[in-house]
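Asker: From first to last, the protein sequence lines stand for chains A and B.
This note's numbering numbers the first residue of the first sequence as 1 and each following residue consecutively.
This note's numbering numbers the first residue of the second sequence as 1001 and each following residue consecutively.
Think of the hints as simulated: they come from the structure by calculation, not from any bench.
This one's a predicted model, so the numbers in the text were calculated from it and none came from an experiment.
Please note: incorrect hints may appear among the correct ones.
With a Cα cut of at most 20 angstroms, we get these calculated DMTMM-like pairs of lysine to aspartate or glutamate [as the list claims (entries may be wrong)]: (1) K154/A x E1028/B; (2) K248/A x E1083/B; (3) K1059/B x E1028/B; (4) K154/A x E1089/B; (5) K248/A x E1111/B; (6) K154/A x D1135/B; (7) K1229/B x D1200/B.
Chain B regions said to be covered by chain A (calculated; three or more residues, Cβ under 8 angstroms) [unchecked claim]: (8) 1047-1060; (9) 1065-1075.
Label pairs and their in silico Cβ distance ranges [stated by the list, open to error]: (10) I7/A x D1135/B: 55 to 63 angstroms; (11) I71/A x D1012/B: 37 to 45 angstroms; (12) A14/A x R1103/B: 57 to 65 angstroms; (13) A1099/B x A14/A: 51 to 59 angstroms; (14) I71/A x A1099/B: 42 to 50 angstroms; (15) N1186/B x T145/A: 22 to 30 angstroms; (16) S157/A x G1003/B: 43 to 51 angstroms; (17) K1061/B x Y92/A: 43 to 51 angstroms.
Note that beta-carbon positions come from the ideal geometry of N, C-alpha and C, so glycine has one too.
Each chain, written out:
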Amino acid sequence: MEIKKIIPPALILALFLGGWHIGALIYDMAFILPTPFAVAKQFVSDFEIIMIGLGLTFRAAFTGYVIAILIGITVATVMSLNKVLERSLYPYAILLQTVPVVAVAPLIVLWFGFEIKSIIIISIIISLFPIINNTLLGLNSTNKTLVELFQYHKTNSFTNFIKLRFPAAIPNIIAGLKISAGLSVIGAIVGEFIIGSGSMAGGLGVQIIYAQAELETALVMALILTATGLGFAFFITVQTIGWYLMRKWHESEMKGS
Amino acid sequence: MIGISKVSKHFDEVQALAEVNLDIATGEFISIVGPSGCGKSTLLRIIADLVPTDGSVTKPKKGAFVFQDSALLPWRTVQGNVELLMELEHTDNKRAKAAVALRQVGLNGFERSYPHQLSGGMKMRLSLARSLVLDPEYILLDEPLSAVDELTREVLQEELYDMWTRDKFTAILVTHNIAEAVYLSNRVVVMSPRPGKITDIVDIPFNKRTPDIRTKPQFSKVVNDIAGKLRTWK
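Could you put together the complete structure from these sequences and hints?
Answerer: Right under this line is the structure:
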């Protein structure tokens, strides 16, 4: 990437960190607003325990994300192949999006226990709708002329799907996966909030609850940044896969157009 | 031959096509002209079995449909696109046939390019090549040249004419462009607006087509004659 492209976002970051630092110095109450340096120091000194938390949260969020992708694409595919099923299922897919996951999370924990299973399920619920919705949108908006071309050659619905509708939907599928990348981490953190733990050595969500109770605000912020980084890493991974699949043919991924 | 008999079409309350009857001889080039909304595209889709009808259509088994906007798969290379219809029709020897077809339309060397890297004219050549490679007995063309610029359009008309004389398929062309219809066809079918029906069938008196025919007075006379028939509907 050229330097020119890095300068604007880097400038925003510098302004943000500078403003934060000055604000923290003026306010002068480290347990409410620590300086960026204090957060960085905390990150280094608690690196090992944060990494344990990252590992646990990653495991739950990643598992939830992958399962949500598999379920989401499958459900959308089934809906796109059968209009009756689409009409029957879609309203409930919307409910999946409108249900306040934070409120349902305690129920999930009640049903599935105080273990990683519950965290994964919460992560799945929160990640699922954007994947279903975008995949369905992609599968249902295939270019009409191309549909006619395949129809003229009397292809079966399997061929239509493999050679036309699925590849045509890839840009939408990737868009859905990008939205869900961050959501899967949010779901895992919410699950960890509810579950809590008998010790400090839980996932990032568990550690945030502990650190907050101890007024270790710098640690809370270091943990938040770590969770943010995790969601960002998911996003970048999907972004890279999308770029690889579409770099040669789709406007969004082609250079100079 | 292609036989169209008692073909009509309603879309809800609107009658798009009144009863249409038309016989097209094997190897004939027919054009259908008419104002927008006269149902000529619908008629072509009925022949293609893309739109249901009450009437009946008889046609040979092997055909191809060429669409207005080339209808290429953007995620496939030129090579992948020229093989597409052979895949759908389970044709053997795809590689070798594709190579011949691409050479015929001057797209050899572009095998690994993607459709977005081609000009409008090249896209249409690719679209024609992937249809001709099926060795079709008839080809249905739905305003195939309306998206290219005027100069390219005339060149493509000449190329299409050469393909027709070489491969001897039956062709039905839907077009807005009367000169194009006259240049390419044995007969030009004139249709009226809603409900669409055939009002005239004009025999085109020229035998061999060369580009200079367009400047001849007889050519202009036939074009103006058909334009006059169309104008009565305004």
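Asker: Look at each hint and say if it fits the structure.
Answerer: Structure-based check of each hint:
no.: 1; hint: K154/A x E1028/B; verdict: violated (25 angstroms)
no.: 2; hint: K248/A x E1083/B; verdict: holds (19 angstroms)
no.: 3; hint: K1059/B x E1028/B; verdict: holds (13 angstroms)
no.: 4; hint: K154/A x E1089/B; verdict: holds (9 angstroms)
no.: 5; hint: K248/A x E1111/B; verdict: holds (14 angstroms)
no.: 6; hint: K154/A x D1135/B; verdict: holds (17 angstroms)
no.: 7; hint: K1229/B x D1200/B; verdict: holds (8 angstroms)
no.: 8; hint: 1047-1060; verdict: holds (count 3)
no.: 9; hint: 1065-1075; verdict: holds (count 8)
no.: 10; hint: I7/A x D1135/B: 55 to 63 angstroms; verdict: holds (59 angstroms)
no.: 11; hint: I71/A x D1012/B: 37 to 45 angstroms; verdict: holds (39 angstroms)
no.: 12; hint: A14/A x R1103/B: 57 to 65 angstroms; verdict: holds (59 angstroms)
no.: 13; hint: A1099/B x A14/A: 51 to 59 angstroms; verdict: holds (57 angstroms)
no.: 14; hint: I71/A x A1099/B: 42 to 50 angstroms; verdict: holds (44 angstroms)
no.: 15; hint: N1186/B x T145/A: 22 to 30 angstroms; verdict: holds (28 angstroms)
no.: 16; hint: S157/A x G1003/B: 43 to 51 angstroms; verdict: violated (31 angstroms)
no.: 17; hint: K1061/B x Y92/A: 43 to 51 angstroms; verdict: holds (46 angstroms)
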